[in-house]
Amino acid sequence: MNEIGEFSLLLALFFATYAMVVPVIGDRLGKWQMVASAEYALVVVFGLHITAAICLLVALYSGDFTLDYVYSYTNRDLNWLYKLSAFWAGQKGSLLFWALILGFFATIVLLQNRDRNRTLMPYVVSIISATLLLFCLLTVFSAPVFEKMPFIPSDGHGLNPMLQNPGMIFHPPTLYIGFVAFTIPFAFAMSAMITRNFGDIWIRTTRRWTIFSWLFLTIGNLLGANWAYVELGWGGYWAWDPVENASFMPWLTCTAFLHSVMIQEKKDMLKIWNVTLVAITFALTIFGTFITRSGLISSVHSFGKTTVGVFFGLFLIGVIIFSTYLIITRASDLKSSNELDSVLSREASFMFNNLVLLGAAFAVLWGTIFPVISELIRGQKITVGPPFFNQVMVPIGLLLLLLTGLCPLIAWRKSTTINYLKNFIVPIAITFIGAITILFNGITEPLPLASFTICIFVGSTIVIEIMRGIVSRAKTAEENYIKALINLFWRNKRRYGGYIVHLGVVFFFVGLTGAYYNTETEKTISPGERIEIKNYVLTYYKYDYTKPNETLKKLKATLLVERDGEKVGYVQPERNIHFSKDIRGRLAPQPTSEVAIYTTPKEDLYVIFASLNEDESATFKVHINPLVFWVWVGGYIMGFGSILAIWPDSREKKRFLARHAEA
Amino acid sequence: MTITSKSKRLTRAQKKFYVGASVLVVAIGYLIFTGVQVSSSYYYTVSEVVSMGNKVQGASLRLEGKVSPGSIQADHGNLNLEFDIFDDSEKSMPVVYKGIIPDLFQENLDVVVEGTVGQDGKFHADRLLTSCPSKYEAAAQDTSPN
Numbered sequence: 001m002n003e004i005g006e007f008s009l010l011l012a013l014f015f016a017t018y019a020m021v022v023p024v025i026g027d028r029l030g031k032w033q034m035v036a037s038a039e040y041a042l043v044v045v046f047g048l049h050i051t052a053a054i055c056l057l058v059a060l061y062s063g064d065f066t067l068d069y070v071y072s073y074t075n076r077d078l079n080w081l082y083k084l085s086a087f088w089a090g091q092k093g094s095l096l097f098w099a100l101i102l103g104f105f106a107t108i109v110l111l112q113n114r115d116r117n118r119t120l121m122p123y124v125v126s127i128i129s130a131t132l133l134l135f136c137l138l139t140v141f142s143a144p145v146f147e148k149m150p151f152i153p154s155d156g157h158g159l160n161p162m163l164q165n166p167g168m169i170f171h172p173p174t175l176y177i178g179f180v181a182f183t184i185p186f187a188f189a190m191s192a193m194i195t196r197n198f199g200d201i202w203i204r205t206t207r208r209w210t211i212f213s214w215l216f217l218t219i220g221n222l223l224g225a226n227w228a229y230v231e232l233g234w235g236g237y238w239a240w241d242p243v244e245n246a247s248f249m250p251w252l253t254c255t256a257f258l259h260s261v262m263i264q265e266k267k268d269m270l271k272i273w274n275v276t277l278v279a280i281t282f283a284l285t286i287f288g289t290f291i292t293r294s295g296l297i298s299s300v301h302s303f304g305k306t307t308v309g310v311f312f313g314l315f316l317i318g319v320i321i322f323s324t325y326l327i328i329t330r331a332s333d334l335k336s337s338n339e340l341d342s343v344l345s346r347e348a349s350f351m352f353n354n355l356v357l358l359g360a361a362f363a364v365l366w367g368t369i370f371p372v373i374s375e376l377i378r379g380q381k382i383t384v385g386p387p388f389f390n391q392v393m394v395p396i397g398l399l400l401l402l403l404t405g406l407c408p409l410i411a412w413r414k415s416t417t418i419n420y421l422k423n424f425i426v427p428i429a430i431t432f433i434g435a436i437t438i439l440f441n442g443i444t445e446p447l448p449l450a451s452f453t454i455c456i457f458v459g460s461t462i463v464i465e466i467m468r469g470i471v472s473r474a475k476t477a478e479e480n481y482i483k484a485l486i487n488l489f490w491r492n493k494r495r496y497g498g499y500i501v502h503l504g505v506v507f508f509f510v511g512l513t514g515a516y517y518n519t520e521t522e523k524t525i526s527p528g529e530r531i532e533i534k535n536y537v538l539t540y541y542k543y544d545y546t547k548p549n550e551t552l553k554k555l556k557a558t559l560l561v562e563r564d565g566e567k568v569g570y571v572q573p574e575r576n577i578h579f580s581k582d583i584r585g586r587l588a589p590q591p592t593s594e595v596a597i598y599t600t601p602k603e604d605l606y607v608i609f610a611s612l613n614e615d616e617s618a619t620f621k622v623h624i625n626p627l628v629f630w631v632w633v634g635g636y637i638m639g640f641g642s643i644l645a646i647w648p649d650s651r652e653k654k655r656f657l658a659r660h661a662e663a
Numbered sequence: 001m002t003i004t005s006k007s008k009r010l011t012r013a014q015k016k017f018y019v020g021a022s023v024l025v026v027a028i029g030y031l032i033f034t035g036v037q038v039s040s041s042y043y044y045t046v047s048e049v050v051s052m053g054n055k056v057q058g059a060s061l062r063l064e065g066k067v068s069p070g071s072i073q074a075d076h077g078n079l080n081l082e083f084d085i086f087d088d089s090e091k092s093m094p095v096v097y098k099g100i101i102p103d104l105f106q107e108n109l110d111v112v113v114e115g116t117v118g119q120d121g122k123f124h125a126d127r128l129l130t131s132c133p134s135k136y137e138a139a140a141q142d143t144s145p146n
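The listed protein sequences derive, respectively, from chains V and Z.
Position one of the first sequence corresponds to residue 1 (our numbering), numbered consecutively onward.
Position one of the second sequence corresponds to residue 1 (our numbering), numbered consecutively onward.
If you're looking for bench data, these hints aren't it; they were derived computationally from the structure.
The C-beta atom is built at its ideal place from N, Cα and C for all residues, glycine as well.
Accuracy of the hints is not assured; some may be wrong.
Here are the computed distance ranges between Cβ atoms for each label pair [to be verified]:
id	chain 1	residue 1	chain 2	residue 2	range
1	V	V426	Z	G77	52 to 62 Å
2	V	F7	Z	A59	51 to 61 Å
3	Z	V38	V	I54	32 to 42 Å
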């Protein structure tokens, strides 16, 4: 089985090379058969990776410890779900996973474009294959997943207990899907440059891929944050760790990109900017994975130094050179004939939005690679921590939030100031009332006050805009309000999906702002004693010690929770010891804690069982984290909105095909 | 960005846009510049800190190294941790950390500490970051207060 897998990976290498080289030659020579054969070769690569993946999954499920990878990440007693998801738990498997997803998306792209974009497709195939080739090289030479153990151990090392968490089954794949999906818009954009196809066909073709990528980057980042919150147990969900930043930067530029392409679609402007931005975003997806795997930036997430980093570094340089060359040589042809009509126009506001998002991405990049830069310039490695990121990103975030409220209401080309401001009379009134209300409820500090106020403003503009749409439709289509709402959303998925996403962003910011009021306390208490924090009282009842199996010792503490004097429930934080087996089967202890979280929309009560002491007293650390609930709710809403925005629309499809039918 | 007009002169709209854009760029640049001042922490190796002694006292530093075997003194009840950190040069330095001891903390583990060298010659860590004992993508453990 493993030999089949290994051989598949080797074969894939050859087919990927074929699919990269042949379509270019075929296009130059005018031989469509060559191009078609390259498309088939690409699908064959996907098929070979499926084969390799199946072999790996079988090995993981059956506990085939002849493989180093299976030994490293599973053991006999591991739940089967985690045995299978170990596929992407480690470096080697995750590279195969990336290749697999890319092959899958490539196959879909081929199917989607079998009757169109025929001038672009040879180069789309070639660029996607070049990326696939990178991963083929890695999976064959640098990080072979079927590498054998020097001897056969009796049991596996086991999966790190912190990864044995449902969130961790989904976080890596969703993020990888987000990264991989962006290869498609990049490939189409560069192909358009190569074939001197300067219209916006590449944008219209890849719009859904872009938003699909954005959707998964959003979910992936949030899942990671949620995992950190629930599993790592330090009380927070984002630490500005380099690897977190690595997946955040492409999200920022992808957000900028999906907005700026609208300008090209509507006004045929910003063409150079869009191809630059698509290349930057793609480069950031590679850069992100390069940071994680090269050891360049010290991060507790790092995989460790291997040759993998070198491959990614070289590919990254290649991407930058390739894109820069294309953009510079095509720049004069890309120059738009249209100009900016007014600063008070949607085009201008989108450009400001882009500037802010790119500024944010730059700030995060700067902070992340600062150690490398400072060493180059000053010979001294200096690092910047969360205070830097918070200081820079909070004002930027608030500005972005404000733009989210202001921009959708500006008309294309030009808004007269008076008409524009009329839109905001009601929202401003609501915001004013809202601001006074929260001021009287104790929010007096400028930062959270500003943040909540802007949230109310943006939220009300969106809601009023939607209501306006419903009323208008109800009148003209003579429908009742509920029917009007459904039809309005369903027939304008793109626009109303966007509104929903923006609403999600508002909730998200509400959740973020709560962090300003985080409080914590820690105390060592004996059974019967209490911890008091804010209006909560936690009474320590007892602890339970169990040993469910050979590799797990569980220590669970039970505390009674009372809020404002009333019993609310119990929390049961744990302090466990997992045992992993080393090569000789000896057990190595790994303490972990399972945090207990009592969630309400208002705040999270977060309890960490720090230790059980010799005198039977226990040390607890308790956090009150306000509004965290809304971070996750905001995320769900953003996800839902983007799904609506990319949902197939039969009317749109008819219009698209009518305009772009090609031989 | 393609907003240039046909003639070489900028239109009023374009001028206004560039002014706004410049303000934005300068503002962000300023935030980044001051942000770096507020938050820099110098990377040093253990041997460098040991040899520099008093010179680095008081400055915010970041040390990477491993936990010395046999040096761990963990007082979970009082949330106090003391251990020695060493690096390839075999030199080691005592570290004092107040807070919840990270789950993965053990001998020979790669750790990163941020803090200052105190007058007692010990490294007083504000932050303690542990890495995973094995090589895969996981645990950033930051259990330091705030």
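- Message: Given a hint of 52 to 62 Å, does the C-beta separation of V426 (chain V) and G77 (chain Z) actually sit inside it?
- Response: Since V426 (chain V) and G77 (chain Z) have Cβ atoms about 58 Å apart, the given range 52 to 62 Å holds.
- Message: Assuming the hint says 32 to 42 Å, is it satisfied by the Cβ distance from V38 (chain Z) to I54 (chain V) or not?
- Response: Violated - the Cβ-Cβ distance for V38 (chain Z) and I54 (chain V), about 52 Å, lies outside 32 to 42 Å.
- Item | Assessment of proposed distance window 51 to 61 Å (beta carbons of F7 (chain V), A59 (chain Z)) | Because 56 Å falls inside the window, the suggested range holds.
The structure does not agree with numbered hint 3 stated previously, though it agrees with all others.
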